[in-house]
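**Student:** Join the two chains, each given in its own frame, into one complex according to the hints.
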Amino acid sequence: MQHRKIALLLSIIPGLGQFYNKQVVKGLLFLLVGAAFFAAFGDLLNMGLWGIVTLGTEVPRDNSIFLLAEGIIAVIVLVFGLGIYYANLRDAYLNGKLRDENRQLSSLKEQYQNIISQGYPYVISGPSLFILIFAVIFPILFSFALAFTNYDLYHSPPANLVDWVGFQTFSEIFTVDIWRSTFFDVLAWTVVWTLVASSLQVSLGILMAIVVNQKDIRFKRFYRTVLVLPWAVPGFVTILIFAGLFNDSFGAINNDILAAFGIDPIPWLTDANWSRLALILMQGWLGFPYIFLVTTGVLQSIPDDLYEAATIDGASVFAKFRHITMPMILIAMAPIIITQFTFNFNNFNIIYLFNGGGPAVPGSTAGGTDILVSWIYKLTMQSSQYSLAAALTILLSVFVIAIALWQFRRTNSFKEGA
Amino acid sequence: MNTKMYKKYLGLMSGVALSLSLVACGPQESGKEDTGSKETPKNQELVVWEDIEKGAGIEDAIAQFEKDHDVNVKVVEKPYAQQIEDLRMDGPAGTGPDVLTMPGDQIGTAVTEGLIKELDVAGDVQSIYTEAAMQSQMVDSKVYGLPKAVETTMLYYNKALISEEDLPKTLDEWYEYSKEVTDGKKFGFLALFDQIYYAQSVMSGYGGYIFGGENGSYDATDIGLNNKGAVEGAKYIQKFYKEGLFPAGIIGEQGINVLESLFTEGKAAAIISGPWNLDPFAKAGIDYGVAKLPELSNGENMSSFMGVKSYNVSAYSKNAELAEELVEFLANEENSKKRYELTKEVPAVKALADDPVVKESEAAQAIAEQSQFSELTPNIPEMNEVWTPADAALQTIATGKAEPKEALDQAVETVKGQIEAKHGGK
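Here the protein sequences line up with chains A and B, keeping their order.
Here the numbering used here is used: position 331 in the first sequence is 330, and no number is missing along the way.
Here the numbering used here is used: position 215 in the second sequence is 200, and no number is missing along the way.
So that you can see chain B by itself, here it is in the shape it has in the complex (with noise of 0.2 Å):
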């Protein structure tokens, strides 16, 4: 027999080899259920995964929890904006939480991505948070977690240069306040209006929106971007920093670190940035005061985007009914209460907005009523494709590169594009 023969009954040999071994492996997995069996051991074991820095806000109420149940709490500190993209690993492989935090716009990424549990919230108890926050935990009105603390953007002032009492309580005086102090080198005035998540403050005062409809029914084809509320916001905007009121330098990427820097080396009188800042600014030792958002010229406050922090269950979890429970514990009033006193974040229930303990700090008192203006950051996927166009289109009006109107147009059409690209296929 020469090559070429054995060359061929070598390939026939192969073939068969293959398919034979690929016959043997049918979808006739049955060695999968078995392991559905639980056997419920008896010291069951809970993963929480908590914010970073905040492990000391729950260490009380995690011991109590676990003197009740008879039950093991591991806490871990993760930064609470990427607990979700941890989960998509970590919870397949078992390694993952009962228990974690995410910001509430989030959400509706994770439900559709199936990673939180639906919780089975009575009325009672959805009852003792306020309704936006409440609000930012419903997909199709079904409840994924309950809400741990809101933040929104406020006010910081810089008392050595601006006193309380002088304090401009609408934007056109801080804009003329700015214009007597700006002389290059010092500021008034300060905000990161290329960016959406501030300029919507503006924009939304004057009847700008992003997604028309209700939260938990968002219509993700009626966007407000570019209605004529928006462009005039837009345009007040751009006043700003037309006439170098804001610096080209607070424009952009780095444009956050810029105007941080300006606000610790009191070289601005007043800012709006978020509670996050609390601390640092305090560390860096600028003697400073935190109020509302002013007012717009057209008598409406200045809104912002409230974000909400909220304690779900991840969908992987074994112990879902215990970790349940565990989430409404930690987001019951007293235990709301104990983490506002450890960690400073404003609790989301109604009843700790008078309580004594709030209401006398200064930061907890701003964010309390800035909340009455501010709305929720939309909640759907869609969400998503806003904020770079948006962004985008900011950047370009406060460079001067572009009018408002046509640039708000469109970045509406780019999102439009994008939500059609990669959320029309739903």
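Chain A extracted, bound-state conformation (with noise of 0.2 Å):
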């Protein structure tokens, strides 16, 4: 029987196939490294998986939640486990190869020397790694996996078991007439916001950007200053007075500039449509001046050679913006403007803020401006729909990555710098 089958086979049980190697020392670490595995996480993972694929069997013994998360853990833990396993058996295999076709096997020093020259950026990454898993990649296979559960008021611990349902909740979104309706009217709600709001934000900044820095403008640094102001106001404070504002029959804008012109007051917070228009603007508002920061800075790296060169080939005004300064933006900003699309997708804060979501439509569960993300909110927080907000959540960001991911591969800042 070849080496590398013999230390295989020996190594199902961590480091033996590397003492059949008479590589003693790294043996006895896979011993070790194994054997502290299992008195460290036996518990977790005895627990764990039992609990992730039970959701608990008696109440109230066992909190459903409590096993998922634990089960979760076991999880992730039992593939760092299951990669070191890998490494002890691929070392054990590559090493009795080695012996089969009689070459030196390197040695203990070797072995140090390697691991620190190849294994140097694991090292300093791993613990990042470790964090990154635990505080994004466990949260978000938490909450997919409740989308799987019915974890609902009578479905809730510790008086309750919760279940794995499958599919359920994602078919009852789309056959449950009163959650279907409210679904796709949220949905439609929440693109056209993502789309018209960015859109206007990004295009008064850049709109604002140009203008400030043509060189004839005095006063640049004025105008720069101002125009980052209501960036520099902290969000929620602007939003909540721009609520009190719009108020129907109090606001200043219906009561002092609407009346100035002589026009009559506007349902800006009882009727959905004007609702939206008046939360549109306001995320005009609040958003252009990233834009005109980070585009001003684009402009004033565009050399001026492209301009010269263009103006001695006699190019108009509107030929230079068109060959040479859009593109230029376009192709530093994309990443940016891409974020602004995704950042209003996910936009709580304006839409609770300013009107919770309401005016209220008859016949929907979803007030008029209700984006997804509120919605799911509304749904958590207030009828403890947990598993169907899960569900929601998991749609919502397929939506969010689709576009992001699409975006991405289209724009030229990327493919560079991969």
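Rather than coming from a laboratory, the hints here were simulated on the basis of the structure.
Keep in mind the model is a prediction, meaning the values are calculated, not measured.
Hints are not guaranteed to be accurate.
Derived list of chain A stretches under chain B, where covered just means 3 residues or more per stretch with a C-beta under 8 Å from a C-beta of chain B [said to hold, decoys possible]: (1) 18 to 24; (2) 59 to 72; (3) 128 to 142; (4) 237 to 247; (5) 317 to 330; (6) 377 to 390.
Here are the simulated BS3-like pairs of lysine-lysine, each with C-alpha atoms no more than 27 Å apart in a straight line [as the list claims (entries may be wrong)]: (7) B/Lys127 / B/Lys144; (8) B/Lys323 / B/Lys63; (9) B/Lys335 / A/Lys377; (10) B/Lys227 / B/Lys171; (11) B/Lys252 / B/Lys164; (12) B/Lys227 / A/Lys377; (13) B/Lys401 / A/Lys377; (14) B/Lys268 / B/Lys322; (15) B/Lys227 / B/Lys164.
A virtual CB, placed ideally from N, CA and C, is assigned to each residue, including glycine.
**Tutor:** Below is the structure:
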């Protein structure tokens, strides 16, 4: 029998293969890690894996939600363990193969240096990877898992157990009348809101930057400072003040500004369409300064030679703008612009603070300006529909990720980075 | 051996390893049982979650209890409407309270989730509380808490604008009064009738109701929000908005802020609000009076939702018996009275209604009087589905976007749909 096979088989118990290959220290190390793994995580794996499969069998002893969390941690730990186990098998096999080929195995010192030189990046990024897994991956897995359970008011610990129900919650979104109609209403407005509000703030920002950056403009610093001010005030303060300004019967916009032009009061807060318009205008105001700032930076980095050369070639102002300024801005800004879209898609603050997603719409469980994320919030906080909210969150992420990926792939700025 | 073979071997190995580790973890977790044996430590500790800024009211009682039972009691203040939310996390983690306080309409949800314990309260203890307050603590005729305080909406009026003698006695008279004084800047009588919490005061007087049946045995399939009386009430409400007596600015999410500032700025003669505003309005420098709500045109007094605050025992409490004793102690007549003196929360103890301490206070008097006409907020979980659609319907009625009948019909349909969707599977 070949050495590699024997080593591989022996390595089913971590370290034995290494012993067989006469690499005692490494073998001990694997054996120790393996033993320590089971000693430290044995209970966690035992409870966690049992918990994630059954989600508890007995009330009030078992709390399904905690079991689920424990189970996910157990799975993560298990994946780590399997990674180490795989390294152990692979090492035994490769060294066995070297012996089969009658080649020299690396000495302990060489192995050590190997690890130091090749493994250095892993050692350095290890801790951050660890934190990343528990701060980012774990919560995502958890809410992902919730979507496939029936976790709601009537299936809540400690009185009741939560069960796996597969795709039932997802199918309910599309089959139960009240969910379906609300979902598509909310989705439609979310898409409109994202596109219009983001486009408005981006184009306003770019326009302002180009105007202020013209050579003939005086007091540039003054304009820049003033235009950045909306960004300097905390967003929620601005939103709450705007909510007061837009008030139908007491707000300054109806009473002072529109009245001065002889325009009748507009139902900003009580009519869904006017509320939507008000929100889009507010988001334009809140969002443009950032784009303005970044664009200003980009504009200043466009070399003057380009414009001089264009002038010599007899290009018009408009042609220069179209063929030099605009492409330069878009190449540099594409990622930022995309983030504006994804940000607005999930822009909970403005919707919730302005009018709580209202005004009310007859026959719908969401308000007239509720976007998906604020509707999910209402479902979770007001009606304990946790699994439904989790399922909607997944659908929502799918949208955002799809749009972002599609955009990222289309823009040059990311291709160059990769 | 080529790489393919090697990959295959590795795959096989990993498979073996995985199944080994999975086999190892059957549901044979015996380790959990032995933690059950309690060693009953000598100096026990109880944790009490009291409402925010109300801790002073139970300080003496706690000290007394500590002395009597040789136990350490820790009081933590938290907003009472959020305590159940925190209990969900803190309870299982072992950092939760033994005794907590919550609004009566959350009891049903808390019981459904199993967050609070059933109490074994003797009949003579139960009988010291007003019947309605005690009812709010019952689910399926089991007791889950003892009432700590009651609150209900009442009428606040600005004494600088209208004197107590001139106070209209009926809503019709208020309507006439408002018509006289309203000029777009100043208003007469205002209320948040675009919310079911306030609008029910009118609608229920004409015969509308939320759920049929009595407290403790509500029938969630029988919804009376669109019956003849409710529609009549809604029509009456709409009149106030239609004729500009209620400005559109008090409709919706921000409406309550506008309403309250209109009152504190002296621009509204009277509003409907709850006891939570007694202090803020006094601090705002308004010389106000309070009274029970006016009568309706059919002779019925306007009703109101009665909120009951209660002391309950957490299902996670390790000293449930002692905690129950503490609940009974805190809610007894003597401590309720002391609490009232310090925190102004009107107690639910029957005997205290005639107590001079309570009788002297105009606010307590108004609450006590209004309580006779008030109804409990249904405490079944299905109630959660009523608020939003009912508010939505009333809002569209207030803004004139919908006729009362069709708006309420639609609201009831939505409520029924949501109850079916969210509570059908129980």
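**Student:** Checking each numbered hint in turn, tell me which of them this model violates, lowest number first.
**Tutor:** 1, 3, 5, 7, 9, 12
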